[in-house]
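Since the structure of chain X is provided, determine the placement of chain C on it from the hints.
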Amino acid sequence: MKEILKIKVNGQSHELLVKPKTLLLEVLRDHLGLTGTKRACDSGACGACTVILDGMAVKSCSILALQADGSEVMTIEGLATGNELHPLQKAFLDHGAVQCGFCTPGMLMSSKAMLDENPKANKQQIKEGIDGHICRCTGYNSLVRAITDVVKGEYKEVK
Amino acid sequence: MIKDFELFTPKTLDEALTLLDKYKDECKVIAGGQTLILLMREGLITPKYVLNIKRIPELSHIKSGKNGVRIGAATTHRAIEKSPVMKKALKVLAEMEKRLSYIETRNWGTIGGNLCNADPAGDPAPALMALKASVKMASVSGERTMALEDFFLGAHKTALKPNEILTEIQIPSVPPRTGVAYDKFNIIEGTVATAGVAVSMTLKSGDGVCDDVRIALGGLARTPMLAKKAEKVLRGKKITDSLLKQAGQKASAEAKPISDISASAEYRRELVKVMVARTGSEAFARAKKA
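Residue numbers (our numbering), protein chains in the order written: chain X, 20 to 178; chain C, 6 to 295.
Just chain X, same shape as in the assembly (with noise of 0.2 Å):
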């Protein structure tokens, strides 16, 4: 009953046999071992396993992996280049905008993909961006700070 998947996730194309009940998320941390994207309420409510389908943010745990077949897939794992931090993950760290840091990578896959389609986001299109997000920290305004501060330009992207 298993069917094959073609994914390129961070830039690698993968071929993998999964289940049809395969979710995007199993595929990522159980087949592929990037745990980076969380899984944590399974229920499309907190965003922690967010990722970055084919250039948009999407909850990974409410799509099942075979209707990702043939997509693009961005995980936390692929935002950094080398050893050099993505300027989100720079704010993040300046801001304190990581503390227990469960919520990190999926707050981070969508402050991306807003920011890629909105640079010059302002603070209320700030927090639109991220209400999808649950921080049990509740680390919120450091957050909006930190995405404030990219889209002034204040953190260079390196190419």
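Treat the hints as calculated values from the structure; they're not laboratory data. Errors might be hidden in some of the hints.
To be verified - Quick list of the computed label-pair ranges, beta carbon to beta carbon:
1. X:R155 / C:M6: 33 to 39 Å
2. C:D30 / X:K139: 46 to 52 Å
3. C:L158 / X:K175: 39 to 45 Å
What the hints assert, rightly or not - Distance condition first, Cα-Cα at most 27 Å in a straight line; then the derived DSSO-like pairs of lysine-lysine:
4. C:K92 / X:K146
5. X:K139 / C:K237
6. C:K103 / X:K139
7. X:K139 / C:K87
8. X:K25 / C:K8
9. C:K92 / X:K139
10. C:K53 / X:K142
11. C:K96 / X:K146
12. C:K96 / X:K21
13. C:K237 / C:K209
14. C:K29 / X:K38
15. C:K103 / X:K142
16. C:K33 / X:K38
17. X:K146 / C:K87
18. X:K21 / C:K53
19. X:K139 / C:K96
20. C:K166 / C:K53
21. C:K27 / X:K21
22. X:K27 / C:K16
23. C:K27 / X:K38
24. C:K53 / X:K25
25. X:K146 / C:K103
26. X:K142 / C:K27
27. C:K96 / C:K237
28. X:K40 / C:K96
29. C:K8 / X:K21
30. X:K171 / C:K103
31. C:K33 / X:K25
32. X:K40 / C:K33
33. X:K142 / C:K96
34. X:K40 / C:K166
35. C:K8 / X:K40
36. C:K141 / C:K16
37. X:K40 / C:K53
From the three backbone atoms N, C-alpha and C, an ideal C-beta is built for every residue, glycine too.
Only chain C this time, still in chain X's reference frame:
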């Protein structure tokens, strides 16, 4: 834990309809699956076959023509939210989508999936009903179209036959001097509506008299519903705040809310009074400017 199933991913609608006709009730159609996967994980739905229509190209479009706008059933919420077609009176659909769940869910979830799930409190239904939308369904034996308000038969029950797929949402051209507004009340933004109200109002030229009105309610009965008695209060009358309040009271009387974790039925009855007056007032203001 999701139970095993067999997945079909047809490339065309015809292929999908043939498969669905073969397996009917044993087969569940998945588009974005933002609710379906949750239900399958909870074991509430255990289909033997799942038919994936997410990427059938002919089901994903937003087309604007002289007869109105047609939206393919597998169009994502986010595509509607960002579509340049959603302007003037249809701006209400973009506003409604923006308050539906979260960006991540809207990026993958579809308008057709939302309607087929038939959540009594879903956001798109009232807004689309106010706009007099109809739905097109297809099976191997052909197509049929019905008014959206007739599509909902009960909580999570629709008029779809086991071999039918919802293919398109059709919104007729909006007459001039029409304003449409949608508002929902929820305690946490992004969650389902405790109550949702959409009002579409068309004015006669010049004098602020309501020529036609549609008032649609979400989360206030077993299905999304039209508040027809409340509409009667406004139709043909000069719109004033006190008249809008009366319409709210009528809507409250004809609504059939239930008590659940978000609110009691009594609370919802109070809520709808205020919301109909407020949303009606907004639709009126928009109609005057249209």
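(message) Please verify whether X:K142 and C:K96 have alpha carbons no more than 27 Å apart.
(response) holds, 23 Å
(message) Tell me if the straight-line CA distance from X:K139 to C:K237 falls inside 27 Å.
(response) Answer violated: X:K139 to C:K237 is near 47 Å, above 27 Å.
(message) Would the hint linking C:K92 and X:K139 be met if the CA-CA limit is 27 Å?
(response) It holds: about 23 Å lies between the C-alpha atoms, which stays within 27 Å.
(request) Take a quick look at whether C:K96 and X:K146 sit within 27 Å of each other, Cα to Cα. (result) The hint holds at about 22 Å.
(message) Can you tell me whether the CB distance of C:L158 to X:K175 sits inside 39 to 45 Å?
(response) Distance hint for C:L158, X:K175 is violated at roughly 57 Å.
(message) Hinted pair, alpha-carbon criterion (27 Å max): X:K171, C:K103. Please report holds or violated.
(response) holds, 25 Å
(message) Need the status of pair C:K92, X:K146: alpha-carbon distance at most 27 Å?
(response) Cα-Cα ~24 Å, so holds.
(request) Would you mind confirming whether the straight-line C-alpha gap from X:K146 to C:K103 stays at or under 27 Å? (result) holds, 13 Å
(message) For C:K33 and X:K38, compute the direct alpha-carbon distance and say whether it is at most 27 Å.
(response) holds, 17 Å
(message) Checking one constraint from the list: CA of C:K166 to CA of C:K53, max 27 Å. Satisfied?
(response) holds, 18 Å
(message) Hinted pair, alpha-carbon criterion (27 Å max): C:K237, C:K209. Please report holds or violated.
(response) holds, 16 Å
(request) Take the C-alpha atoms of C:K8 and X:K21, compute the straight-line distance between them, and say whether it is at most 27 Å. (result) Roughly 14 Å between the alpha carbons, so the hint for C:K8 and X:K21 holds.
In this structure, the hints that do not hold are numbers 1, 3, 5, 10, 12, 26 and 28, in rising order.
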